[in-house]
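Student: Protein chains in written order, with our numbering: chain A, 11 to 124; chain B, 26 to 137.
Since the hints were made in silico from the structure, they are not lab data.
Beta carbons are placed, not taken as given, at the ideal position from N, Cα and C, and that holds for glycine.
Treat the hints with caution; some may be incorrect.
[Stated by the list, open to error] Think about it this way: if two alpha-carbon atoms lie no more than 30 Å apart in a straight line, the pair counts; the simulated DSSO-like pairs of lysine-lysine are:
#1 K67/A / K24/A
#2 K24/A / K93/A
#3 K67/A / K80/A
#4 K74/B / K19/A
#5 K81/A / K67/A
#6 K81/A / K74/B
#7 K83/B / K67/A
#8 K67/A / K19/A
#9 K19/A / K80/A
[Unchecked claim] Computed Cβ-Cβ distance ranges for the label pairs, DEER-style:
#10 G26/A / T97/B: 19 to 29 Å
#11 L37/A / S77/B: 20 to 30 Å
#12 E45/B / R54/A: 39 to 49 Å
#13 E91/B / A91/A: 38 to 48 Å
#14 S90/A / L76/B: 18 to 28 Å
#15 R102/B / S90/A: 42 to 52 Å
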Amino acid sequence: DGGITQSPKYLFRKEGQNVTLSCEQNLNHDAMYWYRQDPGQGLRLIYYSQIVNDFQKGDIAEGYSVSREKKESFPLTVTSAQKNPTAFYLCASSIRRRTGSGYTFGSGTRLTVV
Amino acid sequence: AQSVTQLDSQVPVFEEAPVELRCNYSSSVSVYLFWYVQYPNQGLQLLLKYLSGSTLVKGINGFEAEFNKSQTSFHLRKPSVHISDTAEYFCAVQTGANNLFFGTGTRLTVIP
Chain A
11 DGGITQSPKY
21 LFRKEGQNVT
31 LSCEQNLNHD
41 AMYWYRQDPG
51 QGLRLIYYSQ
61 IVNDFQKGDI
71 AEGYSVSREK
81 KESFPLTVTS
91 AQKNPTAFYL
101 CASSIRRRTG
111 SGYTFGSGTR
121 LTVV
Chain B
26 AQSVTQLDSQ
36 VPVFEEAPVE
46 LRCNYSSSVS
56 VYLFWYVQYP
66 NQGLQLLLKY
76 LSGSTLVKGI
86 NGFEAEFNKS
96 QTSFHLRKPS
106 VHISDTAEYF
116 CAVQTGANNL
126 FFGTGTRLTV
136 IP
């Protein structure tokens, strides 16, 4: 079955360490997205990519970095510059340039920094 | 620019009672509208979407929503809720092939 795989499900890191969250899709979608979710704040867009080797900052990109070397993969690195990294992170994908296509979401990674 | 407002952050309802989760949007162009559901510690799952045609849209798990262009609303309804419907619900709007804009979510709690 096609879908989006986020790994790991739970991640613990010490303060000051960089950490990379994995997102892989086999839907042949062009566009991929990273969201951060905090209680009571809905979804906030971190980065998105419409095509391989290209990506754009979202609303809260500071302290994060991404790469898009392959169509299937869009890893997110949470750097030590992110002041409050503990959150639930969601990856999504969509068909590029198809009106009303909506997004398909992964199951999320819960990052806890101690 | 477009925006989405979910008027209720939390909605408690007794089991087998009806429920309506409200969503209003603003946009200067035609929109596509979505409702997603999120169960605890999971990703978002599409409940239903409105693209065109009939304004009453039926989705999974017995949910339906009605697009009202004059009131710029897309409220989600279910005639009889179950315990398993306890989750967070997100309304989203898309214009053309652009990014989705999400509301802040409504937490539905079904009380036995």
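Student: Look at each hint and say if it fits the structure.
Tutor: Now the hints, each set against the structure:
1. K67/A / K24/A: holds, 26 Å
2. K24/A / K93/A: Cα-Cα ~13 Å, so holds.
3. K67/A / K80/A: Distance of about 18 Å is within 30 Å: holds.
4. K74/B / K19/A: OK: K74/B and K19/A at ~28 Å, within 30 Å.
5. K81/A / K67/A: Holds, at about 18 Å.
6. K81/A / K74/B: holds, 26 Å
7. K83/B / K67/A: violated, 35 Å
8. K67/A / K19/A: Roughly 24 Å between the alpha carbons, so the hint for K67/A and K19/A holds.
9. K19/A / K80/A: holds, 22 Å
10. G26/A / T97/B: 19 to 29 Å: Violated: the Cβ-Cβ distance is about 46 Å, outside 19 to 29 Å.
11. L37/A / S77/B: 20 to 30 Å: With Cβ atoms ~24 Å apart, the hint holds.
12. E45/B / R54/A: 39 to 49 Å: violated, 26 Å
13. E91/B / A91/A: 38 to 48 Å: Given range 38 to 48 Å: holds, Cβ gap about 45 Å.
14. S90/A / L76/B: 18 to 28 Å: At roughly 43 Å between Cβ atoms, L76/B and S90/A fall outside 18 to 28 Å, so the hint is violated.
15. R102/B / S90/A: 42 to 52 Å: holds, 46 Å
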